[in-house]
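*Asks:* Sequence:
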Amino acid sequence: MVQAAPSYAMPDIFHSASDLGLVLGNETITLVAGLLGAAIIADRVPRARLLLLADLMTGITLIALGLFGLFGLHNN
Numbered sequence: 001m002v003q004a005a006p007s008y009a010m011p012d013i014f015h016s017a018s019d020l021g022l023v024l025g026n027e028t029i030t031l032v033a034g035l036l037g038a039a040i041i042a043d044r045v046p047r048a049r050l051l052l053l054a055d056l057m058t059g060i061t062l063i064a065l066g067l068f069g070l071f072g073l074h075n076n
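Read in order, the letters of the sequence shown are residues 1 to 76 in the numbering used here.
The set of hints was computed from the structure by calculation and includes no laboratory data. Since the structure is predicted, the reported quantities are computational estimates derived from the model, not experimental observations. Take the hints with a grain of salt, since some may be wrong.
Listed next, with one range per pair, are the computed distances between beta-carbon atoms [said to hold, decoys possible]:
{"hint": "1", "residue 1": "8", "residue 2": "34", "range": "17 to 25 angstroms"}
{"hint": "2", "residue 1": "55", "residue 2": "33", "range": "29 to 37 angstroms"}
{"hint": "3", "residue 1": "30", "residue 2": "62", "range": "16 to 24 angstroms"}
{"hint": "4", "residue 1": "69", "residue 2": "40", "range": "17 to 25 angstroms"}
{"hint": "5", "residue 1": "43", "residue 2": "8", "range": "31 to 39 angstroms"}
C-beta atoms are modelled at their ideal positions from N, C-alpha and C, and glycine is treated no differently.
With the hints as constraints, model all of the structure from the sequences given.
*Replies:* Now the structure itself:
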């Protein structure tokens with residue numbers, strides 16, 4: 001579903017199919033690079049520490065999203 005969302009949002013912004021292709025291509029490149037980087041880190045870090053780090057990052061992200069929603073941080 002995440003990959004289908006830009007297909008509906010981008011034509012309203014860029015009005016071009018080639019721009020949509022660039023967006024989807026960049027998304028794929030960053031996903032592959034992120035997965036490769038995560039795999040390299042996962043091979044070198046003990047599993048318990050890796051799970052603790054992942055839970056900590058998830059908590060920080062959820063707190064940030066909650067604060068954004070609570071205080072309505074957006075451009076006017």
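*Asks:* A separate judgement is required for each hint: does it hold in the structure or not?
*Replies:* Comparing the hints with the structure gives:
The hinted range of 17 to 25 angstroms is satisfied by residue 8 and residue 34, whose Cβ atoms lie roughly 24 angstroms apart. Between residue 55 and residue 33 the C-beta distance comes to about 23 angstroms, which lies outside the given range of 29 to 37 angstroms. Roughly 22 angstroms separates the CB atoms of residue 30 and residue 62, a value that falls within the hinted 16 to 24 angstroms. Checked against the hint of 17 to 25 angstroms, the C-beta distance between residue 69 and residue 40 comes to roughly 34 angstroms, which is inconsistent with it.
Against the hinted window of 31 to 39 angstroms, the Cβ-Cβ separation of residue 43 and residue 8 comes to about 38 angstroms, which satisfies the hint.
Violated hints for the displayed structure, listed by number in ascending order: 2, 4.
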